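Protein chains: 2
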Amino acid sequence: MSRRAKTLEWREGVLYLLDQTRLPAEVKVVECRTHQEVGEAIERMVVRGAPAIGAAAAYGVVLGAWEFAGEDEEGLWRHLEAVLERLRRTRPTAVNLFWALERMRRAALNRRGQGVQAIKEELEKEAHEIAREDVEANQRLGIHGAELVPAGSGILTHCNAGALATVDYGTALAVVREAHRQGKGIRVYADETRPFLQGARLTAWELQEDGIPVTLIVDGAAAYVMKKQLVQLVIVGADRIAANGDVANKIGTYGLAILAREHGIPFYVAAPLSTVDLRLKSGEEIPIEERSPREVTHIFDYRVAPEGVGVLNPAFDVTPNRLVTAIITDRGVVRPPYEENLRRLVGFPVLM
Amino acid sequence: MSRRAKTLEWREGVLYLLDQTRLPAEVKVVECRTHQEVGEAIERMVVRGAPAIGAAAAYGVVLGAWEFAGEDEEGLWRHLEAVLERLRRTRPTAVNLFWALERMRRAALNRRGQGVQAIKEELEKEAHEIAREDVEANQRLGIHGAELVPAGSGILTHCNAGALATVDYGTALAVVREAHRQGKGIRVYADETRPFLQGARLTAWELQEDGIPVTLIVDGAAAYVMKKQLVQLVIVGADRIAANGDVANKIGTYGLAILAREHGIPFYVAAPLSTVDLRLKSGEEIPIEERSPREVTHIFDYRVAPEGVGVLNPAFDVTPNRLVTAIITDRGVVRPPYEENLRRLVGFPVLM
Chain D
13 MSRRAKTLEW
23 REGVLYLLDQ
33 TRLPAEVKVV
43 ECRTHQEVGE
53 AIERMVVRGA
63 PAIGAAAAYG
73 VVLGAWEFAG
83 EDEEGLWRHL
93 EAVLERLRRT
103 RPTAVNLFWA
113 LERMRRAALN
123 RRGQGVQAIK
133 EELEKEAHEI
143 AREDVEANQR
153 LGIHGAELVP
163 AGSGILTHCN
173 AGALATVDYG
183 TALAVVREAH
193 RQGKGIRVYA
203 DETRPFLQGA
213 RLTAWELQED
223 GIPVTLIVDG
233 AAAYVMKKQL
243 VQLVIVGADR
253 IAANGDVANK
263 IGTYGLAILA
273 REHGIPFYVA
283 APLSTVDLRL
293 KSGEEIPIEE
303 RSPREVTHIF
313 DYRVAPEGVG
323 VLNPAFDVTP
333 NRLVTAIITD
343 RGVVRPPYEE
353 NLRRLVGFPV
363 LM
Chain Z
13 MSRRAKTLEW
23 REGVLYLLDQ
33 TRLPAEVKVV
43 ECRTHQEVGE
53 AIERMVVRGA
63 PAIGAAAAYG
73 VVLGAWEFAG
83 EDEEGLWRHL
93 EAVLERLRRT
103 RPTAVNLFWA
113 LERMRRAALN
123 RRGQGVQAIK
133 EELEKEAHEI
143 AREDVEANQR
153 LGIHGAELVP
163 AGSGILTHCN
173 AGALATVDYG
183 TALAVVREAH
193 RQGKGIRVYA
203 DETRPFLQGA
213 RLTAWELQED
223 GIPVTLIVDG
233 AAAYVMKKQL
243 VQLVIVGADR
253 IAANGDVANK
263 IGTYGLAILA
273 REHGIPFYVA
283 APLSTVDLRL
293 KSGEEIPIEE
303 RSPREVTHIF
313 DYRVAPEGVG
323 VLNPAFDVTP
333 NRLVTAIITD
343 RGVVRPPYEE
353 NLRRLVGFPV
363 LM
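Chains as they are written, first to last, in my numbering: chain D, 13 to 364; chain Z, 13 to 364.
Chain D on its own, in the form it takes in the complex (with noise of 0.2 Å):
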């Protein structure tokens, strides 16, 4: 990566956060040095992304060991569970959250009896580790999809399923970076994703610092790019998916689908198996998050609609499994039947 910010950093007992509330405007970085802290910047989307997430959190529990000042375990494990507790309110729909707390949770468990300090320091081996598997999971994920990936290709993505959404590297835009890479020639069409436009802050932005091509669509052209032929596949990024192949994305991932089938153009899902969530059926289950008003009605400060107008701000919709030509996954590509494929390929429940 050419960036210079990461999305997330741990250092000295300290976790920096590139904060992308305000990109590409403003390059600044927050710092994190409780739990509470890192709880409130995953609300605020400060970090976000199904895998920064986790990782975040992840860090964050780290920190809340420290804040635990006392020698006695019991009051340490008192204490974490109000930690995990706190960070699993953070933010409801990706899983990736719940499953790096409840890997945070078993590392600590694995110390149990071993005193105040070894868990603290379990904790925190335990966090880098979740961070360094994520860059690998992603760049094994990228080099799986390129294989699906036409020389010549115009990608459509969504939001930002990329080094900003991850530890590093990114999922749908590992895919990119690594048939960029080997010189396939392509092109991103990146929707800009209202209301938080991700797309168009974060995905063009990572895109261009990597000097990858990148053109800019307001969500609805979606289809009319489609139709120009001016791109050949899509691939987005999860936030869940169920263990049927249903896929909980960023609110537009479904009609996108709906218009890739329309076209003939293959919709592929791009996620580590850590966003497989095999307890569930299928999408109906996953809970889909609803955010503030405010994010539709305002841009940043600036009211764009009335006052008093009614909104309604689903952050995530789920698009059904019979729209998704494959996922991608850092353990290769899984195809249809998902209920099936996907049973094998993580061959036993993901930790919960």
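If you are wondering where the hints come from, they were derived from the structure by calculation, not from laboratory data.
Please read these numbers as outputs of a predicted model, since none were measured by experiment.
Each hint should be verified, as a subset may be incorrect.
Since the list gives no way to pick one copy over another, a pair counts as held whenever it fits inside one copy or between any two copies.
Below, simulated SDA-like cross-link-like pairs (lysine to any residue); rule was C-alpha separation at most 25 Å, straight line [what the hints assert, rightly or not]:
(1) K239 x R334
(2) K239 x T105
(3) K137 x E93
(4) K239 x E274
(5) K239 x P332
For this one, chain D is given, so just place chain Z on it according to the hints.
This is chain Z only, laid out in the frame that chain D set:
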């Protein structure tokens, strides 16, 4: 209409345009005293919406005629040709502009040889006639369309096809207004419609002013509200309708039509017959305006995308006739086959 400010108003030789670039934050009126000022107002989208552009351009011709201070009729004709040409060059897609300018030219021709004063007076009379007819056509259109609206419906609309897009009353929103007036207990879901945010800024505002229930959503949430069965029909306006029923309208319309079909929801287009262009066999022939990248990279004066990023900003798209359930016009509801039924209704090629 409960609104105080009108989309456009002619008083004592001045055209007053409600500045739609500022709404709803600011209710400001722009005064046009020359045809150049009208041309610039259309280009800057101070006034927008196919029928409103047509009426504004007609008054632009009146202002142009009054600019000519001489007494020789040939001089006036030369000047008028330049005025018409200037106004034609403002925006390429909406046909009502060309239709209104052609009506004005013919009105003037009817007074050929009767002197400068007679021609000027005829032009002013014709512009008033165009404005008056627009309101009446919209009211009739609303009555025809309301028959298609089941009681208790959620109605999805895109962009602003309202009072602000016409001289008054609206096209798609004429149907909404009439259904509401009949006590059908409807609710409108308004797409915000990036990049110009006509849905958030204009549709939400004018419906709220009239006390009609409205919920604002981002463009990407349209498929979600359909899936959740919050809307039972879609009604949009049109900028140009080809002889075969293909419809050019605000970017995003084509995608909505596909989504409506996918969810088994009827997709209606509401437009006066002046929007039908029988000279064009299909939508393929409709010129699509591309507007400045700045509309996408900036929201008002705030930059949201990185500098230097590529942008594709088509202002319109074309919805093929097979996705249009019916076209609601001032002379009744037209259903497929459009080729035959539009021609029968129009009776003769619309003046051009």
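Hints and how they fare:
{"no.": "1", "hint": "K239 x R334", "result": "both (21 Å within a copy, 15 Å between copies)"}
{"no.": "2", "hint": "K239 x T105", "result": "between (32 Å within a copy, 18 Å between copies)"}
{"no.": "3", "hint": "K137 x E93", "result": "within (19 Å within a copy, 78 Å between copies)"}
{"no.": "4", "hint": "K239 x E274", "result": "both (10 Å within a copy, 17 Å between copies)"}
{"no.": "5", "hint": "K239 x P332", "result": "both (23 Å within a copy, 11 Å between copies)"}
Every hint from the earlier list agrees with this structure, and none is contradicted.
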